[in-house]
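**Student:** Here is what each chain is made of, one letter per residue.
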Amino acid sequence: DTEVTQTPKHLVMGMTNKKSLKCEQHMGHRAMYWYKQKAKKPPELMFVYSYEKLSINESVPSRFSPECPNSSLLNLHLHALQPEDSALYLCASSARDWNEQFFGPGTRLTVL
Amino acid sequence: GIQVEQSPPDLILQEGANSTLRCNFSDSVNNLQWFHQNPWGQLINLFYIPSGTKQNGRLSATTVATERYSLLYISSSQTTDSGVYFCAVSAASGGSYIPTFGRGTSLIVHP
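If you're matching them up, the sequences are chains A and B in order.
Per my numbering, residue 1 is the first one in the first sequence, and the count goes up by one each step.
Per my numbering, residue 113 is the first one in the second sequence, and the count goes up by one each step.
Hints are computed from structural coordinates only; laboratory data are not their basis.
Worth double-checking, as some hints may not be accurate.
A few chain B residues that face chain A, going by a derived Cβ cut-off under 7 Å, partial list only [unchecked claim]:
(1) Asn143
(2) Gly153
(3) Gln154
(4) Leu155
(5) Tyr160
(6) Ser202
(7) Phe213
(8) Arg215
(9) Gly216
Mimicking BS3-like on lysine-lysine, the simulated pairs with C-alpha atoms at most 30 Å apart in a straight line are [what the hints assert, rightly or not]:
(10) Lys41/A x Lys22/A
(11) Lys22/A x Lys53/A
(12) Lys166/B x Lys41/A
(13) Lys166/B x Lys22/A
(14) Lys41/A x Lys9/A
(15) Lys40/A x Lys19/A
So the derived label-pair ranges between C-beta atoms look like this [unchecked claim]:
(16) Thr192/B x Glu58/A: 32 to 38 Å
(17) Ser138/B x Ala95/A: 22 to 28 Å
(18) Arg170/B x Ser72/A: 32 to 38 Å
(19) Asp139/B x Glu58/A: 37 to 43 Å
(20) Glu127/B x Leu73/A: 37 to 43 Å
(21) Val12/A x Arg170/B: 37 to 43 Å
(22) Lys40/A x Ser187/B: 23 to 29 Å
(23) Pro151/B x Thr5/A: 15 to 21 Å
Note that beta-carbon positions come from the ideal geometry of N, C-alpha and C, so glycine has one too.
Next up, chain B with everything else stripped away, as it sits in the complex:
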């Protein structure tokens, strides 16, 4: 099946810093989502971005499907950005689209 690698695995920032999270995938994908899992376990949709660039406030994401990677940019980080960021992709495999999550990037933002 498709392999998804996220980097870095852990990230510690001071409030106000910027960061870039990366998601590499091993095959062509039909769908790609970025999620933020808060400390209570809720998975919050950040972006649905199989290709192209999107922005939402301090967050933006870019997926270069031909080069099999996606980037999530967090600017002016806040303590509420802490949590785990997951990239999830799905690709046609035998006629079914099995979603695969990366192992996540754990982000801690200190005040």
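Chain A on its own, in the form it takes in the complex:
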């Protein structure tokens, strides 16, 4: 199984809502990543988890809160987002840090 799954596919939320994005992989990978992608731009790294520990936070605002409950699961908790946070959020995993990355299908987030 070489698949990374993400839920939900689409999410619309207000600026006062709290929501969570979920990412799952069953490839035994020990590194997982969150990226943000705006239209017509490349993906931008947000967070990296290595062996379930947060290893990189690319100066992401605290309204984004990552969580890695176990080696297969990665969550991104969202609170008090701004309309400019609307984007495609991509999850990826790799066997170890910065090996070949496999991406999920993404969650399209719209903040009203």
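With chain A's structure known, arrange chain B on it following the hints.
**Tutor:** Relative to chain A, chain B alone:
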């Protein structure tokens, strides 16, 4: 940090044509991947190719690490090849390997 430049930024082809996409990078890299992002946003792995040459059907890629570039060849293009092609590299920087994406090549293949 490392700079990644992709060319051309845009490419329009007729079905059946061949093309070459280029990725230049400014420093030594440990990893290099080519991705195809389809119109629905899915990033599909094409090649993991820090060095050497690989082929997969109509696609092939070559990375010349010593000269800091990689090429992606698409032969006999099909309409389903349309989308954005990204090159992504990672290089050791202060002990961590931060991945950097190029800005992509947007490909449209007309029937």
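**Student:** Now tell me, hint by hint, if it's right for this structure.
**Tutor:** Hint check:
Satisfaction of the interface hint for Asn143/B is found here, the shortest Cβ-Cβ separation to chain A being roughly 6 Å, below the 7 Å cut-off. With its C-beta approaching chain A no nearer than about 5 Å, Gly153/B sits inside the 7 Å limit, and its interface hint holds. For Gln154/B, the suggested interface contact is upheld, since its CB lies about 5 Å from the closest CB of chain A, less than 7 Å. Against a cut-off of 7 Å between C-beta atoms, the interface hint on Leu155/B holds, since the closest Cβ of chain A lies about 4 Å away.
This hint holds: Tyr160/B has a C-beta 4 Å from the nearest C-beta of chain A, less than the 7 Å allowed. At its closest, the beta carbon of Ser202/B sits 5 Å from a beta carbon of chain A; the interface hint therefore holds under the 7 Å criterion. With its C-beta approaching chain A no nearer than about 4 Å, Phe213/B sits inside the 7 Å limit, and its interface hint holds. Restraint check, Arg215/B versus chain A: the minimum CB separation of about 6 Å is within 7 Å; hint holds.
Annotation: interface hint on Gly216/B holds; nearest CB of chain A at approximately 6 Å, less than 7 Å. With a C-alpha separation of about 23 Å, the suggested pairing of Lys41/A with Lys22/A holds against the 30 Å cut-off. For the hint linking Lys22/A to Lys53/A, the alpha-carbon distance of about 17 Å falls within 30 Å, and the restraint holds. Note on Lys166/B and Lys41/A: the hinted pairing holds, with a Cα-Cα distance of about 27 Å set against a maximum of 30 Å.
Using a Cα cut-off of 30 Å, the hinted pair Lys166/B and Lys22/A is violated, with the two alpha carbons roughly 34 Å apart. Between Lys41/A and Lys9/A the alpha-carbon distance is near 20 Å, which keeps this suggested pair within the 30 Å criterion. For the given pair, Lys40/A sits about 25 Å from Lys19/A by alpha-carbon distance, which is consistent with the 30 Å threshold. Here the CB-CB span from Thr192/B to Glu58/A is close to 33 Å, well matched to the stated 32 to 38 Å.
One distance hint, 22 to 28 Å for the beta-carbon pair Ser138/B and Ala95/A, holds here, with the actual separation near 27 Å. Under the hint 32 to 38 Å, the C-beta atoms of Arg170/B and Ser72/A, about 34 Å apart, fit the expected range. Judged by the Cβ atoms, the range 37 to 43 Å given for Asp139/B and Glu58/A is violated: they are separated by roughly 19 Å. Checked against the hint of 37 to 43 Å, the pair Glu127/B and Leu73/A passes, with Cβ atoms roughly 42 Å apart.
The hinted range of 37 to 43 Å is satisfied by Val12/A and Arg170/B, whose Cβ atoms lie roughly 39 Å apart. Checked against the given bound of 23 to 29 Å, the beta carbons of Lys40/A and Ser187/B, roughly 27 Å apart, stay inside it. One distance hint, 15 to 21 Å for the beta-carbon pair Pro151/B and Thr5/A, holds here, with the actual separation near 20 Å.
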